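Chemist: The chain contents come next:
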Amino acid sequence: MSARMLSVAAPLRALSSSLGPWRILPAALLQPISLQIPSLADIWDSVLRAVPKKKTSHMKKRHRQMAGKALKDVKSLNTCPGCGSIKRAHLLCPHCVKEIKQSWKQAA
Amino acid sequence: MAGGAGKYRHLSRKSSHRQALLRNLVTSLFENESITTTWAKAKETQRLADKLITLGKKNTEASRRRALEIFYKPHQIVPKLFGELRERYATRPGGYTRVLRIEPRNQFEFYKKPRGDKSPRDPKPVDQAESAILELVDGPKDVRFAMTARAVARQREKGLQTPNQLTMLNVGKVTRFRKDGVEELEDAIKELSIKKEHGRGNEVER
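If you read the sequences in order, they're chains Z and C.
Heads up: the first sequence runs through residues 1 to 108, numbered per our numbering.
Heads up: the second sequence runs through residues 109 to 314, numbered per our numbering.
One chain only, chain C, in its complex shape:
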């Protein structure tokens, strides 16, 4: 934007292109609960996603129509937004999504080819752009929940019953509004420790 900072990221696209991109991203987010994209795109999608969940929580005819206009798969996602997601976030006062920074991908990825086509695959360009995970908080694919479970499991394994301050903070964030949050976290930790013992058993056998 000429003169002064813009109010939103333009993402090097014209208005219609940007609109389509954000609609695609937000459709994928609500469909899959978690998406990996560049950090800037994640932050812009986060804005839109939070607004849409607010629409879901309003749960009026008008808000339903406005939500229908956004998604590319409206008949699949609007019922989810006004059903499952509305109930999940009923008590949470905003902050329904989370952006976590991850390492940019640095391996070659390839464009998909039709089955049977055996010509060499074209590599996708890899630009080392700042990457991020955008996720719906307290969903089945909450990366912070999984990371916290791993951290607690590791610290317990080392013999520390009370995790460190940062992990305690994360435990609070992850369990505060989640339904049966504490129990679910304990289950996840247990599952991890079982998996680890299993893995070790296999190693010994070898």
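Next comes chain Z alone, as it looks inside the complex:
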């Protein structure tokens, strides 16, 4: 055992002597290197982001928000049996209702 250990120790000793001056490295270089990369939070204020160039005008905004909300055509129409004018379906004809109410007033 001891004979083998000796055989290993001998070349090691030779290596250390050959390295020579590297044995005395400055302490500062041995410390971990800090690159100081700034995080995203640090530079956020100086970054330019994509923003609208102009305020959206009143017209543009109203057009956009009223899109698809136009008044619908009244298609459910028919003729009044009492006077023949066009009226909305399921509703009494305003002309006839007015006349009926007037006739009541006259009778009273």
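Keep in mind that the hints are not guaranteed to be accurate.
[Said to hold, decoys possible] The calculated PhoX-like cross-link candidates involving lysine-lysine, where the alpha carbons are at most 25 Å apart (straight line), are:
1. Lys105(Z) with Lys166(C)
2. Lys298(C) with Lys105(Z)
3. Lys98(Z) with Lys181(C)
4. Lys220(C) with Lys232(C)
[As the list claims (entries may be wrong)] Interface residues of chain Z toward chain C, partial, derived using beta-carbon atoms under 10 Å:
5. Trp44
6. Pro81
7. Arg88
8. Val97
9. Ser103
Calculated from the structure, these hints are not laboratory results.
Everything numeric in this text was worked out from a predicted model, so none of it was measured.
C-beta atoms are modelled at their ideal positions from N, C-alpha and C, and glycine is treated no differently.
For this one, chain Z is given, so just place chain C on it according to the hints.
Modeler: Same frame as chain Z, now just chain C:
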């Protein structure tokens, strides 16, 4: 009502306010035979009015007391309910009132002012709400009766002795339980045609 559909319309009012509104409407209905209001209010008033007429037809001391609690003019309306209206609806099995949709009013109406006050009148807000006429069926102010009379009169004027199917249906509805319904309808039609001839005569003179 939170969670699920309510059993009645709340009409955006608290209970006491709604109760007062319905009592007012039903008082006006029995007083005037026909009222014009929003469709939702008309439907709610219809419920109450039909129940009250049922009370009238029961004609007991208990029902009379219950009716007295509802009206704002009890001494004017309760005798009418237990007299005239009870007789009118004696043979009719329910359905004493009718709601007819009409065009919402779209003209300015104004708040009333005391006489002599000549400052400009305040316009009432007009909200285009769905309107309706609520009427007592077979009464003197039955709009469907009057409309049917007009329809028949017009069709006869055009030379059709038998009115169209829908008008025939309405004639049936209007005359079925009305006392001397057919004769009354004929009278109304005659009156209309006389009025029309009169109107034409005036136009010619001009």
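Chemist: Give me the numbers of the hints this structure contradicts, sorted from smallest to largest.
Modeler: 1, 3 and 5
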